[in-house]
Amino acid sequence: MFHLLDIIGTMAFAMSGALTAMSKKLDPFGVFIIAFVTAVGGGTLRDVMIGRTPVGWMQDPTYVYVIVWGFILAIIFRKKLDRLRTSLALFDTIGLGVFTLIGIQKGIDYHLHPVICIALGTMTACFGGVTRDILCVEIPVIFRREVYATICIIGGILFFALRKMNVENDVLYLATSSIIIVIRLLAVKYKWHLAPLEHK
Amino acid sequence: MFHLLDIIGTMAFAMSGALTAMSKKLDPFGVFIIAFVTAVGGGTLRDVMIGRTPVGWMQDPTYVYVIVWGFILAIIFRKKLDRLRTSLALFDTIGLGVFTLIGIQKGIDYHLHPVICIALGTMTACFGGVTRDILCVEIPVIFRREVYATICIIGGILFFALRKMNVENDVLYLATSSIIIVIRLLAVKYKWHLAPLEHK
Amino acid sequence: MFHLLDIIGTMAFAMSGALTAMSKKLDPFGVFIIAFVTAVGGGTLRDVMIGRTPVGWMQDPTYVYVIVWGFILAIIFRKKLDRLRTSLALFDTIGLGVFTLIGIQKGIDYHLHPVICIALGTMTACFGGVTRDILCVEIPVIFRREVYATICIIGGILFFALRKMNVENDVLYLATSSIIIVIRLLAVKYKWHLAPLEHK
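Protein chains in written order, with UniProt numbering: chain A, 1 to 200; chain B, 1 to 200; chain C, 1 to 200.
Heads up, a few of these hints could be off.
The list makes no distinction among identical chains, and a pair is therefore deemed to hold if it is satisfied within one copy or across any two copies.
[Said to hold, decoys possible] Listed below are the simulated DSS-like cross-link pairs for lysine-lysine, each with C-alpha atoms no more than 25 Å apart in a straight line: (1) Lys25 x Lys164; (2) Lys164 x Lys191; (3) Lys80 x Lys191; (4) Lys79 x Lys189; (5) Lys189 x Lys106; (6) Lys25 x Lys189; (7) Lys25 x Lys191; (8) Lys80 x Lys106; (9) Lys24 x Lys106; (10) Lys164 x Lys189; (11) Lys80 x Lys189; (12) Lys79 x Lys24.
Note that these hints are calculated values from the structure, not bench results. All of these numbers come straight from a predicted model, not from anything done at the bench.
Let the sequences and hints guide you as you build the complete structure.
Here it is in structure tokens:
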């Protein structure tokens, strides 16, 4: 079940990357690389920083195949994706919840401090998108408009609060990912965002 | 022989980086770093991702010296490099072929899946240039115009096809690098490129 | 003492990152990430490249707390920071000296060649700022105007020259960091910079 959600999230991230790249008029190789990087960039950065190498996607070619499919689907349906925007946002949000949990779990596996685990969860969920924006020469959208990363941090804090209460693992996972997904959907619906900080 | 080609490719990549940086009016330190990153960026990313650390160029200062020479030559001949463009493109192409093979070989050494090995070969050959463009705040040229990475992928597929037929190692290396170099030279001569994918 | 200087440098780097991010009108999360990356980016890149994982700041949450404080202070005093510019430049310069030494020392711990150690010192001191500029979609300032990295390299060469003369460790550290700090302050005061290299 969890693995299936991981696959759905990976594909949604790959498609979102492909769409951004196509709007920049990149060639097919460029579109594929941006799709790839958006999907696995966060987990790759996490693995490299904690020393879990070769990084995750190199040990399981499934991810490569999923991304290839996401890339192909994004190209085929590129003219219809505006109408599919809602489904895509839903899948993307599932990715957000699942990837945050995967990142936190990896931190726990490496016996890192809860604060660091939350940072790893946020990194796993958000830095694929950051890399996508940097490769497209844009200031990353999550630094400007979206309450995206903040939700991962809230989810992470909740995770460790529940864990301290000895909540069972299944419930812990379900509760944390659900709360991340629900807040994110509300944020999209009601256009929540953080006000920019200006220094003058 | 193979090592000599590696050196030639490294120097060509360093010079191409230095030229891009000078066209952006960077100061000498900036030019040097861009030369450095263009030459070793792909291999560094590969080594970090597979966990081969300290990364390659840290274990053999030869690369640093070669890059210093490439940097100095690029500065001295900077006004004449237009006329030397053809030789430079040839050396750069040798780098492309050799670096692809080195990346594939590292993947095999780490017992990774052929698909991942081809990704590592492409990364080794192409991501120095991607990093160069990002540091110069340009959308990477290989995502937009050049059939550069696609040739590495074709070369990689050929490599594993021949390998399955139990072709001898020397022939395998020679055939793969030659085919990459020949296709690349034809692509430059006849201005082959992939059409951009637009989604509207 | 050395650890205290490390903390001061980390906080100064975090504040410089926060100020750059606020001038780009990022939201609070974006400002925090840029502060974080400016403070630990150089050391993180160094650790990942030499294989010292999980990277430094993951093993000691002190850094995270220092950066959170730097972030908060930068927000509170953001309207007064122009008047505090001199103190901030001083702290930043302390960071430059200390981080260069930390990077060199890590290279020695890993038995790397002096040339590579100097590269690691320069990377530790300078690449946080490079990452900050890349995330803000600017050509890194140290590639264009500032004699910043060049001073780290000079300091590194001095370090190994003194070391060859069997200078005691304490004196070695004090002399190298002092010289880096003094040259940097002179460079800021007299606006020293390297002329750009143009190729046409």
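Hint check results:
1. Lys25 x Lys164: Answer is neither; intra-copy 49 Å and inter-copy 38 Å both fail.
2. Lys164 x Lys191: Intra 33 Å, inter 55 Å, cutoff 25 Å: neither.
3. Lys80 x Lys191: within (24 Å within a copy, 33 Å between copies)
4. Lys79 x Lys189: within (23 Å within a copy, 34 Å between copies)
5. Lys189 x Lys106: Neither way: Lys189 and Lys106 sit 31 Å apart in one copy and 47 Å across, limit 25 Å.
6. Lys25 x Lys189: between (29 Å within a copy, 24 Å between copies)
7. Lys25 x Lys191: Between copies only: 18 Å across chains, 28 Å inside a chain, cut-off 25 Å.
8. Lys80 x Lys106: Close neither inside one copy (37 Å) nor across copies (42 Å); limit 25 Å.
9. Lys24 x Lys106: neither (34 Å within a copy, 33 Å between copies)
10. Lys164 x Lys189: Neither way: Lys164 and Lys189 sit 32 Å apart in one copy and 53 Å across, limit 25 Å.
11. Lys80 x Lys189: within (21 Å within a copy, 38 Å between copies)
12. Lys79 x Lys24: Close inside one copy (15 Å), not across copies (34 Å); limit 25 Å.
Checked against the numbered hints above, the structure breaks hints 1, 2, 5, 8, 9 and 10 and satisfies the rest.
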